Amino acid sequence: DKPYDLANEFVKNEDGSVNFEKSKENLLNLIRENANRPEGTKASNEFNAKQVAIFDEFLKLAKLAQLNFKFTQAYNYDTTRVTNYEGFKRKLTRTETAKEANIVSSIDKVMDGTFIGDQMRLLQKELMSLGAIMKLDSEGIDEYMNDVMQPFYGDEYMSADDFNYVAKKLKSSFLDFLIQTRSTSIFPDDIKNLFTGSNNVASRLLKLKAKDPSSDLLSNLIPVSSAQENGPVTVAFKAKPKDAIDIDRYTGMMRELKEKEPEFYNDLVKLSVLQGTLDTNLSISSIIPVEDRAAIIAPVIDTLQSSSELEVFNKEGLFYRNNFSDDRIVPEIKPRYQTV
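Going by the working numbering, the sequence shown runs without a break in its numbering and finishes at 340.
Treat the hints with care, as some may be off.
[To be verified] Listed next, the in silico DSBU-like pairs over lysine-lysine satisfying Cα-Cα at most 35 Å (straight line):
#  : residue 1 : residue 2
1  : 207       : 63
2  : 258       : 242
3  : 168       : 125
4  : 238       : 207
5  : 209       : 238
6  : 240       : 169
7  : 89        : 70
8  : 42        : 169
9  : 22        : 169
10 : 24        : 2
11 : 42        : 22
The hints are simulated quantities; they were obtained by calculation from the structure and are not laboratory data.
Note that the structure is a prediction, hence the values are computed from the model and not measured.
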């Protein structure tokens, strides 16, 4: 059947112009007629053709609204809160997408004809200049993480909070990768001795607990064993302080422990670095004095240069493999079955 032309519902004035009020009322009546139709009532072919025509118009308007929204999201650098370089790159991706796949024209005219273009370029230079201080954001190093972030840059449905969470976790994962791949130079001694064997950090912790049972710090440090038989044993912090006052209090206790048990303390710091830079349920990094962790991590960052070994992080999919249980990074896809 021939598609119904909604222009048939338009009412014209005597001068030939369209009477918008009456035309609008006719279109609304078509929608009301469908909404009020009793359930189970069979509609005529003409009625269905009219409803299909209305539905098609709604789809056009919805698509136009979506493209218009994407267009505004591509140039609103003056109102967007950018908290990291990755967030800015996500905005650049939206700008490029608007150039290539949007019927609203033209993003280039907005950039070239208003202050927005200058603001975008200045903001980009400002963030790039921070690479001189923040080595992981420097040109040549950020490309190893940039490849991993590409799918998230283009994900228009991911919220800003989730995106910033992924970006933060990626940098932490990349830093952990750098530390662990350079572990032999950072930790000259055998790493296994920190987690396994009769003299590992956890077993020495139990001896210190017996020696000083009243210690608030030691009572909150607990050994955590692996599920594997004869697997590694790490150390977690039971209290998990959240506010700055409690964190500073326990950090001060760690400095006291450093004076009393320097050898154990140094191994505990090494263990905390190997646990990862992101705070987790098993991590004790939040209470380790920053200067002691920096003494281990800073040499890795200071000497960091582009090299083929860094490509392993992306090529082997280490970020996804290490975060397979995180739905924000590796979404769970459930198959949908249909009866046939």
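Hints and how they fare:
{"no.": "1", "hint": "207 / 63", "result": "violated, 68 Å"}
{"no.": "2", "hint": "258 / 242", "result": "holds, 23 Å"}
{"no.": "3", "hint": "168 / 125", "result": "holds, 21 Å"}
{"no.": "4", "hint": "238 / 207", "result": "holds, 18 Å"}
{"no.": "5", "hint": "209 / 238", "result": "holds, 14 Å"}
{"no.": "6", "hint": "240 / 169", "result": "holds, 19 Å"}
{"no.": "7", "hint": "89 / 70", "result": "holds, 16 Å"}
{"no.": "8", "hint": "42 / 169", "result": "violated, 56 Å"}
{"no.": "9", "hint": "22 / 169", "result": "violated, 58 Å"}
{"no.": "10", "hint": "24 / 2", "result": "holds, 23 Å"}
{"no.": "11", "hint": "42 / 22", "result": "holds, 28 Å"}
Comparing the model with each numbered hint stated earlier shows that hints 1, 8, 9 do not hold.
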